[in-house]
Every structure is written in structure tokens, then in C-alpha cells.
Amino acid sequence: MVTLDPLKKYMKNPLVIFMVVLGILPVVSPHHFYLQILTLVFIFAFFSEAWNLISGFGKQFSLGHVAFFGIGAYVTGILYADFGVSPWIGMVLGGFFGMLLSLLIGFTTFRLRAFFFTLSTIACAEALRVLVTYWRLGSTGLGTTIPATQGFRYLTFGQEIYYTYLAYFLLLLMVIVTVKVTKSRIGYYLLATGGDDEAAKSLGVNTFRIKLIIFGISGFFTAIGGGFYCMYMRYIEPAMVFSIDFSVQFAVFAIVGGLGTVAGPIVGSALLVPLSTFFRSWIGGLYTPIGFLTYGIVLILIILFMPGGLMKGISLIAGKVARHRKS
Amino acid sequence: MNMLRSDGEHKENILELHDVTKSFGGINALQEVTLNIKRGAIVGLIGPNGAGKTTLFNMISGFIPMDRGEIRFNQRNIGKLYPYDRSRLGIGRTFQLPKIFTNMNVLGNVMIGALQNVHDIKKAESKAMEILKEVDLESFAHSSPGELPIASRKKLEICRALATSPSLLLLDEAISGLTPKETLEMIDLIRKLSDKGVTVLIIEHVMKFIMNVSQWLIVLHHGQKIAEGKPQEIANNEIVVNAYLGKRAAQC
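Protein chains in written order, with my numbering: chain Z, 1 to 327; chain V, 1001 to 1252.
Treat the hints loosely; a few may be bogus.
Have a look at the derived ranges for each label pair, beta carbon to beta carbon [as the list claims (entries may be wrong)]:
{"no.": "1", "chain 1": "V", "residue 1": "I1187", "chain 2": "Z", "residue 2": "V248", "range": "39 to 45 angstroms"}
{"no.": "2", "chain 1": "V", "residue 1": "D1136", "chain 2": "Z", "residue 2": "L304", "range": "36 to 42 angstroms"}
{"no.": "3", "chain 1": "Z", "residue 1": "Y287", "chain 2": "V", "residue 2": "I1121", "range": "22 to 28 angstroms"}
{"no.": "4", "chain 1": "Z", "residue 1": "L15", "chain 2": "V", "residue 2": "G1146", "range": "20 to 26 angstroms"}
{"no.": "5", "chain 1": "V", "residue 1": "P1048", "chain 2": "Z", "residue 2": "F116", "range": "56 to 62 angstroms"}
Read the hints as simulated data drawn from the structure, not as lab findings.
Glycine is no exception: its CB is placed at the ideal position from the N, C-alpha and C atoms.
Pulled out of the complex, with its shape left as it was, chain Z reads as follows (with noise of 0.2 angstroms):
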């Protein structure tokens, strides 16, 4: 007999409800503005999602990210642009790229030790940026502006809510992949090799292959996110893909959000993306500065009133609202 029990004990879970309230948030968002903050939203929240699993689970702290991130958008880009590849198949070529390009870079830089792991990985990504800025790769100048010819087939849409939706769906399938990572024996590993490099090795633990196989994972998806960008984006150029902010924004949504946990990259993109947009675009003119300076007091603020992040935040005034009820 079919019954609803594991129904209901998903709709138990913490987590199942935050992505069923964000799936529903789009339906409801009265302004295409709303939408494409949203979109903004999703999309940062799965890179967030992908950096946090190598560097937040498995404490690999990477700024390089943006190459995975840029070789997808290109692989995409190119293909699309240039030979007419449907960019479904450039999202899942360029994933594979992605994943190339972080076992190369994870082989070579994982034996060094903390932040020279992190400022190698940002010399990977800066070089690629070099690499791509003077080969320039395919049939344009510097940069590459995307045909808009409509249809699913060409990952192009007249209306922003299907991008919405995408965004929204590759978040969820990042959220998914991240559950199963962490709750699987590599998962255990991946969490001693943050916790200890050591002590994992002398409980059997090959840590250089662990870190490397979730680098991995992380590249792949990071790279498929990029080739998103790309046809949400519609134009693609070195210093735009290759930038060293999209690193730091995915660790800092994670960082802010709540390393090492699953909800932490979603929450903090949800307050920060829109946060941004706000001190960006309504603050704007005249007063940029005073918006950038804005934002940056309030990152400051969380870090020092919630060191752990906002996830950790939340779950301290939970605890002391269940011990109140409780008394």
C-alpha cells in the first residue's frame, strides 16, 4: 500500500520547506524586476552551493573558482555562438571541461598547504583569464554576444520567469547532489579531511583523492552555472567571466550564509544578491560609493555578531527559543 509518511517526513525537513517556499516565490513576484532578482538569487546561490562543498565541507578554501566558471560560459558561448551546439549540450561539455580544468588545477595545487592552496588556485584562474584574453577563442573580437534566436532548444526565452525557473531548478539539483555528497562515506571523509588532514590519513583516508573527486564535482557544476550565465547574460568577454570577483562572491555568500552547511550559500545569496542590488541600483548616481560602503558595513556586522555565519545564527536562537518554551 502507497502511503504518505516519507512524504511527510520531507515536509518536515527544515530545507525541504525553504526550497519549496523559493519555488514558489517566482509565481508569485508581481514585477519582472522581482524576477530577475530571483533569477540573480538562484544562480548565485547554486555557485555558492558548488564552492561550498570542496572548500566549505572540505575546508579547501578556493578563489579560482571563476575559471570553472568561465570555461563553461565560453565552452557554451562558442559553441553556441560560433558552431551552432545547442547550449544544453555546451552546458554539459563545458561541465565536463570544468571538471577537466579542477582535476588539473586540484592535482597540482593540493599538496600545498592552506592559503598558498588558495593563491594558487587564484594564479590558475588569473592565467586562464590571460590565456582566453589574448588566444581570443573563436570567430569575435573580444568579447562574444550570444544570438537571441527563441526556443528551449536554444536555452532562449521572451519571458524572464522561464530563466527563473532554470536557475531555480539547477539550485535545487546542486542542493540534491550536495545532500547525497555529504551524507555518503565521502562525505564523511570529505568532512575529516576539513577537520583534519592527518588524523583522516591515519583512520585510511586518502585525502589527495577525496579533495581531488569533490573538486571535481564542484568544477563540473560550476562550469555548467557559467554556461547558464552565458545565455542568461547573452554576452560573454574575458575580464567579465574570468573576473576574480565571481571568487570572492561565492565564498562570501557562502561565508555570510554559513560555511559547511547545506542552507548557508542559499541564504546568504537570498540577503545579499537583493542587498546588493539594492545599494547598487537604488543608491546609485551620486551616491554609489555610499551604497558600496553600505553593504560593506552590513557584510562586516554579520561576521562579527555571527562568526559562524547566518545559519549558525539561526540555529543559536532556535535552540535558546526551544530551551524558553521548554522552562
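The hints should help you fit chain V onto chain Z, whose structure is shown.
Same frame as chain Z, now just chain V:
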């Protein structure tokens, strides 16, 4: 390599080190150390600070490569294997300063060890729980390891190593910082392990403890093995008394 031993005696040894040498720059950390550890024994490794005890542990467990020499575990040359390979062969260890995974709970810590042999998460969880029960830590299973007192942290590190089902366990200063009562509990635990067939090699500075728990002692000084024997023999060994123990400790 000729170990100058009969086959029977050779098989009795779980671990054999021959001419193991290591230097860091100009400092000779270990000089041609040769020793054998008998299967199932509790062996103490003693010596003053800087004698090379932890270096020796790191070389047996694969964290530091040798400059020269040979390490055989269960008759297999393991000198070039990685630490995780040595763990999979049955060498477990703890660290001088407990290296606990603070990003997961107590149960999760032990599960990491259990997952080496049990690939299913649920089964690893129940194996980890069983081990925690054996050392009375089950009530802390879902606590953060950061909340544990030092004695429990040391026990947790041992539990974690035990979860890998080791045949040789290296304990680096297992009782430093423990109260007398906790020390007695640790002695009980080590003896229980030995009864189950686990060979235990312990580094310790507390002479009363090491003399009480060990069946055999090996003494290192300036990276060289200066003596080995039964605890009472070592306590009366003039070279050891002069180099390390002093007269009062020898009377413990």
C-alpha cells in the same frame, strides 16, 4: 635482508624495524634504530624529550619518510607506503595533542574509522556506537567533541583508531594530563585491548604508568636505542638511569 632470527621468531613479531635512520638538516633524529615488537604485547617507548620517540611513531605510521632502513609490518615491507595504506593494513595511532574532528560530533569521529571496513553508513554508525559503549562514551555520542574533557578526548581518539580494527596501536602520550583515576581507567582500557589481541606501542613520560602497564620497554636517547627489556630490568639499567630515569624514578 637478514634479521638474524629463526622463522618462528620472525612470525612472532608484528613489527620489525631495521637500521631506521632519519635526520632533519644537521640533527640526527634517529640513528640506525633496530627493534622488534612481539604480537599482542604492550610495549613502552621511553626516553627524554627529543629522543626521537614521536619521530619513530611518525615513521611507523608513514607521516615521515625514512632516510635509510627498513620497516616490516606482518613481514611486509611498508617503508614506502602512505599513512592511509598503513592504516588499512592495521596500524592505528593517536597523536601527542589529540587531533579530533571538531566539525562533526563524537559519533561521527568514530564513524570515520569504522567506514574503513564497513562501507554502509548505518552499519558504520552502529559499529561506532558499540565502540563508544565499550569505553563509556556513548552518552556523548551526539555531543560536540569540543565539549569533552581531556580524558574523554584521549579515549575518543583511541576509539576512532580502534574503529579501523587495528592489529597494532600506537599511543602517543595517552595519559598526559589525566587524573590518577582516569589513568587507572586508561590502564584498564589498554589491557583490554591487549587481551583482544591488539599489540600496543606506547610513548609515555609518566614512569609509574609505563612501568605498570608495559610488558617490554624500549629506551631511546639522542635518536639511538640505548636499552630494551622488561620494566624491572630497565629500571635497574645503569645507562638508562643515568641518561633518563634518574635514581628516584627508577625506584617507582
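Results of checking the hints against the structure:
1. I1187(V) x V248(Z): 39 to 45 angstroms: violated (53 angstroms)
2. D1136(V) x L304(Z): 36 to 42 angstroms: Hint holds: Cβ distance 40 angstroms, inside 36 to 42 angstroms.
3. Y287(Z) x I1121(V): 22 to 28 angstroms: The hinted range 22 to 28 angstroms is violated for Y287(Z) and I1121(V), with Cβ atoms some 53 angstroms apart.
4. L15(Z) x G1146(V): 20 to 26 angstroms: holds (25 angstroms)
5. P1048(V) x F116(Z): 56 to 62 angstroms: Violated, since P1048(V) and F116(Z) (Cβ atoms, about 35 angstroms apart) do not stay within the stated range.
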